[in-house]
Each structure stands twice: as C-alpha cells, then as structure tokens.
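Peer 1: Given next are the chains, with one letter for each unit.
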Amino acid sequence: MQIDWTNFTPWSAALGGVAIGLAAGIMILLLGRIAGVSGIVAGLLPPAKGDVSWRVAFILGLVVSAALWRLAGAARAPVFDIGYGATILAGLLVGFGARLGGGCTSGHGVCGLSRLSPRSLAATLAFMTSGVLTVFALRHILG
Amino acid sequence: MMKSTIAAFAIGLLFGLGLCVSGMILPSKVKGFLDIAGNWDPSLAFVMGGAIGVGLIAFRFARGSPRALLGEAMRLPTNDRIDAPLLIGSSIFGIGWGLAGVCPGPAIVDLAFLDPQIVVFILAMLAGMALERTARGLFGGAR
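Chains A and B, in that order, give the protein sequences.
Quick note: the first sequence uses our numbering, first residue 1, plus one each step.
Quick note: the second sequence uses our numbering, first residue 1001, plus one each step.
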C-alpha cells in the first residue's frame, strides 16, 4: 500500500466531516429525521401530501451550499473520468442499490454508524467492498 | 411546518458545505480513497471519523428523546435485519459509487456546477430509484 501524500487532506476532510455530523445530528434532534440523502430524495417519488417541504428544502440547501462555496472562490469543479454511457449505468446502480439496501453513504455510513447499528455497519462494509473492487477493476485490470 | 422547512434548508446547507470542504464532491477524491491498491488517499476516512464523532453524541441524545425538538415524532429506524436485500442493494450501490465517484449527496451538491454530466447522473439515479420501487411492487416485497 502506497499513500498519496500530495492529495491527502486530513484537516479539511475531518473539518468537513464534523460539519456533516453536525448537520445529521441537528436533523435527528430538531426534526426527528435521518439525514439520508437517497431516502430523502426517494420520499419525493411520488411526493406525499404533508411530507414534501422539508425534503425539498434540504435538497435546495445542498445545492445552495455549493453555489456559496463557488462564490467563496474555493471550489474545484468536479470532473467525471468516465463517459456518458458509464455515467448513466452508475446513476442507475446508485439509485437502485441505495433503495434496495435502504440507504447510502449518508444514511447508513454516517447516521447508521453513529447509531451503532449493526445493520448499517453491514451495509457500509458491503458498499465499501464493492466500491473498492470496482475501482480496482477499472484502474488495475481494465485500465 | 414552516420551522421544520427552514431548519431542513439550513441543515442541507451545513451538510452540503461539509461535503464541499471535505472533498467528497470531487469524484477524483472519492476514487482516490477507494483505490487502496494504487496511490491511496485516506482522506475520506477522516470525513467519516469527523462525522461519526459528532454523530455518536447527537444520536445518543436522540435515543433518549421521545419527540424531536420541533415537536415531530422521533423517527429512528426500527429495522435491524441484516438480510439479502440490504447486502445485495448496498453492493450494487457501491459498484455505481466506485464507477462514478459520487454518491447521492455529493451528486446533488454538484448540480451547482451546472455540468450536464451531473444532471445525467441524477436523472439516471432517479430512474434507478423508480425502477427499484416498481420491482418491489412486482415481486410483492413491502418496505
């Protein structure tokens, strides 16, 4: 194993992580809801009466955050290193898998592990493993 | 209702800023973390560490609260089964995550960069979610 010291950013990573944990913590304490992004989005498909505004507001907050981040001038734009066909496949897998598995990186990875849930630990180990294997296949077998 | 909506927006903002600061919104950063066999960037482990460190405290308080502070029910997950849909779904999710380098939260945040490829990813993700719902209906599974 070789560490990529040039891209390793422990401080900004931990600071960002604390903000994410604070957001998830405020969400459960104020609203009694899990800050799981795939679940919050899927709850709008289709929208259920009386259960729309908080979901839309949260999603808007996510988008506005990056707009502010761009205004602050700190932003590096995200760049995909795959084509459009692979992007569509990846989106389908992410959406389908997150719903079948009942959560994604935020719901299982952040909130579930913070609750010390064995179910979320199993989910997190499963998607970390398949994510690692996928990148391994892309970069070291196919690449 | 109004209070919850405003709170959800602010929470989304904080959550999104955390994703921006941490580097999670960059597919290259995520793939660098998943590439443990190559030039490994361990930063995202620090994101998880920061988030869960704060989350542990918040969810400990949440467990002892009958209601959320804004008056709504405390909706902590009750399903603790580690079953096939959890493991298969999470593994499928991880393949898409490794392929694209974004999961649902960062993908939504990345919309602010107005890159058509991110829009395509989100549309495919929504289609994947709808597909999962349809499949669940066909095979009679209830959530």
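Watch out, some of these pointers could steer you wrong.
Chain B is faced by these chain A residues, among others (derived, beta-carbon under 7 Å) [stated by the list, open to error]: (1) Q2; (2) A13; (3) S65; (4) A72; (5) F136.
Don't read these hints as lab results, they were simulated from the structure.
Glycine residues also receive a C-beta, built at the ideal position from the N, C-alpha and C atoms.
Peer 1: Classify the hint on F136(A) as holds or violated, based on whether any CB of chain B lies nearer than 7 Å to its CB.
Peer 2: holds (5 Å)
Peer 1: Does A13(A) hold up as a contact with chain B if the rule is Cβ-Cβ below 7 Å?
Peer 2: holds (4 Å)
Peer 1: Holds or violated: the hint that Q2(A) contacts chain B, with Cβ atoms closer than 7 Å.
Peer 2: Where the cut-off is 7 Å and the nearest Cβ of chain B is about 6 Å from Q2(A), the hint holds.
Peer 1: Measuring from the C-beta of A72(A) to each C-beta in chain B, is the shortest one below 7 Å?
Peer 2: Cβ of A72(A) sits 9 Å from chain B, so the hint is violated.
Peer 1: Hint S65(A) vs chain B: min CB-CB distance below 7 Å?
Peer 2: It holds, given that the least Cβ distance between S65(A) and chain B is near 3 Å, below 7 Å.
The structure shown violates just one earlier hint, number 4.
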